[in-house]
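Chain order of the listed sequences is A and B.
No gaps in the numbering here: position 307 of the first sequence is 307 in the numbering used here, and each next residue is one more.
No gaps in the numbering here: position 22 of the second sequence is 22 in the numbering used here, and each next residue is one more.
Fair warning: there could be bad hints in the mix.
[Said to hold, decoys possible] Derived, one-sided and incomplete: chain A residues facing chain B with beta-carbon distance under 7 Å:
#1 GLY59
#2 MET262
#3 THR274
#4 PRO330
Note that these hints are calculated values from the structure, not bench results.
Keep in mind it's a predicted model, so treat the numbers as computed, not measured.
Every residue, glycine too, gets a C-beta built ideally from N, C-alpha and C.
There are 2 protein chains.
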Amino acid sequence: MDILKRAILGTTVLAIAGGSFALLADEPIQPIEPVKSINLAQVELGKKLYFDPRLSKSGFISCNSCHNLSMGGTDNLKTSIGHNWQQGPINAPTVLNSSLNLAQFWDGRAADLKAQAGGPIANPGEMAFTHTLAISVLESIPAYVTEFKQVFDSDKIDIDQVTQAIAEFEKTLVTPNSRFDRWLLGDKDALTAAELKGYQLFKSSGCVACHNGPAVGGNSFQKMGVVEPYQAKSPAEGLSAVTGKDADRFMFKVPTLRNVEMTYPYFHDGEAETLTEAVDVMGRLQLGRKFSTEENALIVDFLKSLTGDQPAFALPILPPSTDTTPQPKPFS
Amino acid sequence: MDILKRAILGTTVLAIAGGSFALLADEPIQPIEPVKSINLAQVELGKKLYFDPRLSKSGFISCNSCHNLSMGGTDNLKTSIGHNWQQGPINAPTVLNSSLNLAQFWDGRAADLKAQAGGPIANPGEMAFTHTLAISVLESIPAYVTEFKQVFDSDKIDIDQVTQAIAEFEKTLVTPNSRFDRWLLGDKDALTAAELKGYQLFKSSGCVACHNGPAVGGNSFQKMGVVEPYQAKSPAEGLSAVTGKDADRFMFKVPTLRNVEMTYPYFHDGEAETLTEAVDVMGRLQLGRKFSTEENALIVDFLKSLTGDQPAFALPILPPSTDTTPQPKPFS
C-alpha cells in the first residue's frame with residue numbers, strides 16, 4: 001500500500017552522487033527544479049539589459065541595483081533607493097525564484113515577470129525613465145540593434161521585447177540544490193537534527209499553511225496581521241490598491257522563503273531586521289503563537305537550510321553608447 | 001643592422017594561432033601584458049569587496065557602482081553620483097589597466113591602487129563611510145572573517161588588508177588582446193587601413209608624446225591646455241592640490257586610452273561627450289592643431305582599436321550579513 005501510494009503520488013527516484021534517493025512526496029514543500037526550457041538567446045540579451053543602467057534616467061540605476069544578484073536578488077535595504085536618492089515605499093522583493101510567484105510586486109499588480117519588468121524603468125521614484133527613451137537609448141547602440149534583431153527577428157526594438165528578454169533572464173534565476181531540497185530528495189544527512197526539528201515545528205505550528213510549494217511561499221495573498229493587527233508605519237496597503245476592495249487591505253503576496261538568510265530585512269516594509277524578529281512577529285500576528293527562544297531558533301535554523309545555489313554567470317559586458325545615444329541626466 | 005637593432009631592442013617572436021609574429025619593438029605603444037604574478041586568494045576576496053555595497057554608509061554604493069566592470073570600468077557619467085545623490089567633482093577614471101598608472105586619481109594623490117582603494121570608502125561625497133565602520137561590518141560576517149584569516153593569516157581584519165585585497169583584484173583588470181595589440185604583435189591584418197592611418201597620424205601629430213607606453217597614457221602628468229588655455233567649469237585644479245605648487249595648476253594625470261570607446265565621457269571633468277570632441281579639443285589645446293574632419297575620424301578609428309578583452313569572471317556572491325552587522329543608513 002505504501003509503495004502503491006508513493007507511486008500514485010509520483011515519487012521520483014533520482015540518482016544523486018551515485019546513490020538512489022526517493023523524493024518525499026508527502027511534504028508541503030517541493031524542491032526547486034532546475035530550468036528546463038528557456039530561450040537562451042533571450043536570456044543572454046536579458047542579462048545585459050538587467051545590468052544596464054542606461055535604462056534609467058540617471059544612467060546609474062539598473063535592475064541589479066535593487067535586485068542585486070550578489071546579494072540574494074535584493075538590495076538588503078528596508079526600502080530601496082531610487083532616482084535622486086528617493087526613498088522607495090516598499091521593500092524590494094527578491095528576484096530569485098520569482099518566476100514561481102503567482103503574480104509580481106507585493107500587491108500582485110503585475111501578472112508575470114514580463115509585466116513587472118517595465119514598471120521600475122518608468123516609475124518616477126525608481127529608474128525615472130520612460131519606455132520611449134529607453135528604446136531610444138537601445139536603438140542608438142549598434143550591438144544592441146543587432147542582438148535584438150537576432151533574438152526577435154524584427155527591425156524595430158520595442159519595450160515588449162525588452163521586458164520579454166529581461167523576464168526570460170529572470171526565469172533562469174532559480175536556486176536549486178539547497179540543503180533542504182537535498183533532504184527532500186532523500187539525502188537524510190543533508191539537514192542537521194536542529195534544522196529538521198525546526199522544519200517539523202514550521203509545519204506543526206502552521207507556518208506552512210502559507211509558506212508552501214516549491215518557493216515556500218509566493219503562491220497566495222494573505223492578510224498581514226491575522227490574529228493581531230500589524231502596526232505598520234508604511235503606507236502600503238497591499239492588494240486593495242489593485243482591486244479597490246476594502247477586504248483586500250493589508251493583503252500582501254506571501255514572500256518566498258527561499259534564500260531567506262540572504263534577503264533581509266523582512267516583510268513588505270522591511271521592518272524586521274532579523275529572521276528571529278520575523279519569525280516572532282509572524283508567530284504572534286499570523287498564528288497567535290509566541291514561539292519560545294528555543295523554538296524560534298529551531299525555525300531559523302530550518303530557514304537557513306533554504307539557501308540554494310546562487311546564480312552563476314559571468315558579469316555581462318555592455319556594448320558602449322555611441323555619439324547619438326541620448327545622454328543620461330543624473331542631476332536634472 | 002636592422003636585424004641587430006631589433007634584437008637589441010628585445011623583439012619578441014611569439015607564436016599566435018599557429019603563426020609566428022614579431023613584436024614591433026620601435027613603436028611608442030607596447031601591448032598590454034596578461035597578468036603573470038598574482039595572489040589569487042587575495043584576488044577572490046578583493047573581488048567580493050569590490051562588489052560589496054556594505055562598505056558604504058548607505059549599503060548601496062560599491063566600488064563597482066562608479067567603476068562598473070560591465071561598462072569599461074567607469075560609470076559613463078560626466079561626474080559620479082555619491083552618497084545621497086551628491087554630485088562628484090570629477091569624472092570617474094577607468095579602473096581597467098589602472099595598475100599601469102604612475103599614480104592614482106586624476107591628481108595623483110594616491111601612490112598606488114592600495115592607497116587609492118581606501119579613499120572613496122571614507123569620502124563623505126562618495127561612499128560616506130568610515131574605515132572603522134567598514135571593518136565592523138566585515139567582522140560581523142563569519143564568512144568574511146574566515147576568508148580574511150585564510151588570506152592574511154591574521155585574527156583581526158584591518159583596512160590595510162581590505163585595500164590590499166581590492167588592489168590585488170584590480171591588478172587583474174588588464175585588457176590584453178585588443179586589435180591594436182594584435183597588430184603590434186605582428187598580425188598585419190588586425191587593423192584596417194583607416195585605423196593604421198589613424199595611428200600614423202596619432203604619432204606624427206604628437207598625441208603620442210603623452211599617450212604612450214602599454215596604457216597609451218597613465219605614465220605622466222601634463223597640463224590641460226598647453227597651447228590654448230582650457231576653459232574649465234570644474235573647480236578641479238589637478239596636481240597643485242597635492243603639491244601646493246602654482247606651477248602644477250591644471251596638471252592632470254594623462255588618462256589611459258585603452259578601451260577609450262567604452263570610457264566616455266572624456267577629460268577630468270567629463271566635458272567631452274564624444275571621442276570626436278575629445279580629439280578635436282586635444283588637437284587644438286595641446287598640439288595647436290585643428291584636425292580636419294577626415295583626420296579626426298581616422299584618429300577615432302585608431303582609438304577604437306584599443307578595446308581589449310574585458311574582465312571575464314563570475315559575478316561574486318556576497319556572504320550575508322548577520323544579526324550583529326551594523327545596519328546601513330541610506331537615509332540618515
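These are the hints, each one checked on the structure:
At about 6 Å, the closest approach between the beta carbon of A/GLY59 and any beta carbon in chain B falls short of 7 Å, and the interface hint on this residue holds. About 5 Å separates the beta-carbon of A/MET262 from the nearest beta-carbon of chain B, less than 7 Å, and the hint is met. Of the supplied interface hints, the one on A/THR274 holds, with its beta-carbon coming within about 5 Å of a beta-carbon of chain B, less than 7 Å. Interface restraint check: A/PRO330 against chain B, minimum CB-CB distance 6 Å, threshold 7 Å, status holds.
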